[in-house]
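J.: Sequence:
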Amino acid sequence: MEQPHTTRYRWLSWSVLIVILVAWWAVTTLHLVSGILLPAPQRVVTTFITLCQHGYNGVGLGAHYVITMVRLLVAVVMAILIGVPLGLLSGYLPKVKALIDPVIQFIRPIPPLAYYTLLILWLGIGESSKVSLLFLAAVPPIYIACFDAVGKVNVEFLQSAASLGANAKQRFSHIVFPAAAPDIFTGVRSAVGVAYTTIVSAEMIASSTGIGWMIIDASHYLKSDVMFVGIIVLGVTGIALDWGIKALEHRLVRWSGRV
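In numbering that gives the first Met the number 0, the protein residues as written are 0 to 258.
Don't take every hint at face value.
Stated by the list, open to error - Below are the DSS-like pairs computed for lysine-lysine, each with C-alpha atoms no more than 25 Å apart in a straight line:
no., residue 1, residue 2
1, K245, K151
2, K96, K168
3, K151, K168
4, K245, K168
5, K222, K168
Simulated from the structure, these hints should not be mistaken for laboratory data.
Start from the sequences and build out the full structure, keeping to the hints where you can.
T.: Structural data, given as structure tokens:
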């Protein structure tokens with residue numbers, strides 16, 4: 000449920016957005032900055048409409064967008080399916096931690112682009128290398144959030160359940176997992192953010208489709224209006240994704256903050 004203070008100060012957020020748009024319009028209208036470096040808002044809108052109608056490099060803007068989102072979705076779903084159970088089990092079972100944690104801690108600090116060329120050598124220039132890059136970027140945040148969530152579980156709850164005859168599996172499914180659910184969603188939000196910021200890197204090499212590729216390609220020809228369209232589309236989508244995850248958490252994890 001949305002907090003009252005969030006609703007009360009929402010006008011501040013809209014005010015900031017309006018000020019930015021007005022400043023952008025004023026700077027471009029007064030020609031304080033070259034149109035190549037900073038296109039006017041109306042030019043960006045016109046370019047957006049043109050891209051919707053005619054596409055970019057022979058591919059529709061909608062198709063570029065769908066391709067990017069499919070890559071992101073597949074990678075994040077894979078990261079959730081693998082990262083959540085590994086993180087929870089590593090936090091719950093020391094043997095699993097000993098096996099998995101060193102690998103995750105090794106991958107976590109490495110910038111994803113550092114091993115992208117290796118992925119291309121191993122998997123080729125197709126979708127596999129791009130999805131794998133996003134997957135490797137998304138797994139560590141989910142794993143760490145789940146691992147830490149298990150450590151926050153009240154030990155007295157586990158001891159009470161054990162004294163009542165609950166076995167390890169029952170304690171995990173009825174106490175550990177529900178208690179960790181809010182942090183799991185936090186980890187998913189972080190993972191989506193990290194993978195989302197990596198999407199341009201994933202599409203900048205050996206690709207000819209996707210919003211990230213469109214931005215990179217447009218930069219080579221100083222098409223700043225196309226770049227702005229791509230950036231705005233990614234920004235709005237990022238906000239929508241984060242909002243959607245939070246809404247899903249509020250619907251599914253109603254006990255958040257009470258466990």
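J.: Need the status of pair K222, K168: alpha-carbon distance at most 25 Å?
T.: violated (57 Å)
J.: Against the 25 Å threshold, does the CA-CA distance of K245 and K168 hold or violate the hint?
T.: Violated, at roughly 29 Å.
J.: Please verify whether K245 and K151 have alpha carbons no more than 25 Å apart.
T.: holds (21 Å)
J.: Given the hinted pair K96 and K168, is their Cα-Cα distance within 25 Å?
T.: Measuring from Cα to Cα gives roughly 17 Å; hence the hint holds.
J.: Decide if the proposed pair is consistent with the structure: K151 and K168, CA atoms, cutoff 25 Å inclusive.
T.: holds (18 Å)
When each numbered hint is compared with the structure, violations occur for hints 4, 5.
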